[in-house]
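Participant: Read off the chains here:
2 protein chains.
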Amino acid sequence: MPLSSPSIEKLIRKEGAERVSKTAARKLSAALEEEAIKISKIAVEFAHREGRKTVKPEDIKQAHISLR
Amino acid sequence: MPLSSPSIEKLIRKEGAERVSKTAARKLSAALEEEAIKISKIAVEFAHREGRKTVKPEDIKQAHISLR
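Which chain is which? The protein sequence lines are A and B, in order. In terms of the working numbering, the first sequence opens at residue -14 and continues consecutively. In terms of the working numbering, the second sequence opens at residue -14 and continues consecutively.
No lab work stands behind these hints, which were simulated from the structure alone. It is possible that part of the hints are untrue.
[Said to hold, decoys possible] Straight-line distance between alpha carbons at most 27 Å, and here's what the computed DSS-like set of lysine-lysine pairs gives:
{"#": "1", "chain 1": "A", "residue 1": "Lys38", "chain 2": "B", "residue 2": "Lys26"}
{"#": "2", "chain 1": "B", "residue 1": "Lys23", "chain 2": "A", "residue 2": "Lys7"}
{"#": "3", "chain 1": "B", "residue 1": "Lys7", "chain 2": "A", "residue 2": "Lys7"}
{"#": "4", "chain 1": "B", "residue 1": "Lys38", "chain 2": "A", "residue 2": "Lys26"}
{"#": "5", "chain 1": "B", "residue 1": "Lys(-1)", "chain 2": "A", "residue 2": "Lys(-1)"}
[Stated by the list, open to error] Rough simulated footprint, nothing fancy, chain B against chain A, three-plus residues with beta-carbon under 8 Å:
{"#": "6", "stretch": "13 to 21"}
{"#": "7", "stretch": "26 to 33"}
On a predicted model such as this, the values are computed, not experimentally measured, just so you know. Using N, Cα and C, we set each Cβ at its ideal position, and we do this for glycine too.
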């Protein structure tokens, strides 16, 4: 998993958690990865439709907006 | 940043990108971190309201749902 549970656990602690169950960290990590995949798929589609091989920041931005 | 740009770049490539601009990877990484912070804040609040010091998977699940 690209979004490691330990770093996600740290992030949850930073927001005020005294303890974080391992499953909770894994759950957030999985949710973020799912979101990342959704955004990426759409961003790649945007780039390809414009005949580009490179995914640019505006592709990510538009993909993110389109998912809201 | 807990969600490193190189691993995010890999994820975007996996979804079909031939090239990914560094700024695009950074943008997705920042968007995911923002989402993680939002979910974490609410999850911590849920745990505290129930008098728990430990953030559990159900807190993450409910926080995620509440943001949709």
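Participant: Compare the structure with the hints numbered earlier in the document and write down the numbers of the violated ones, lowest to highest.
Facilitator: The structure breaks hints 1, 3, 4 and 5; every other hint is satisfied.
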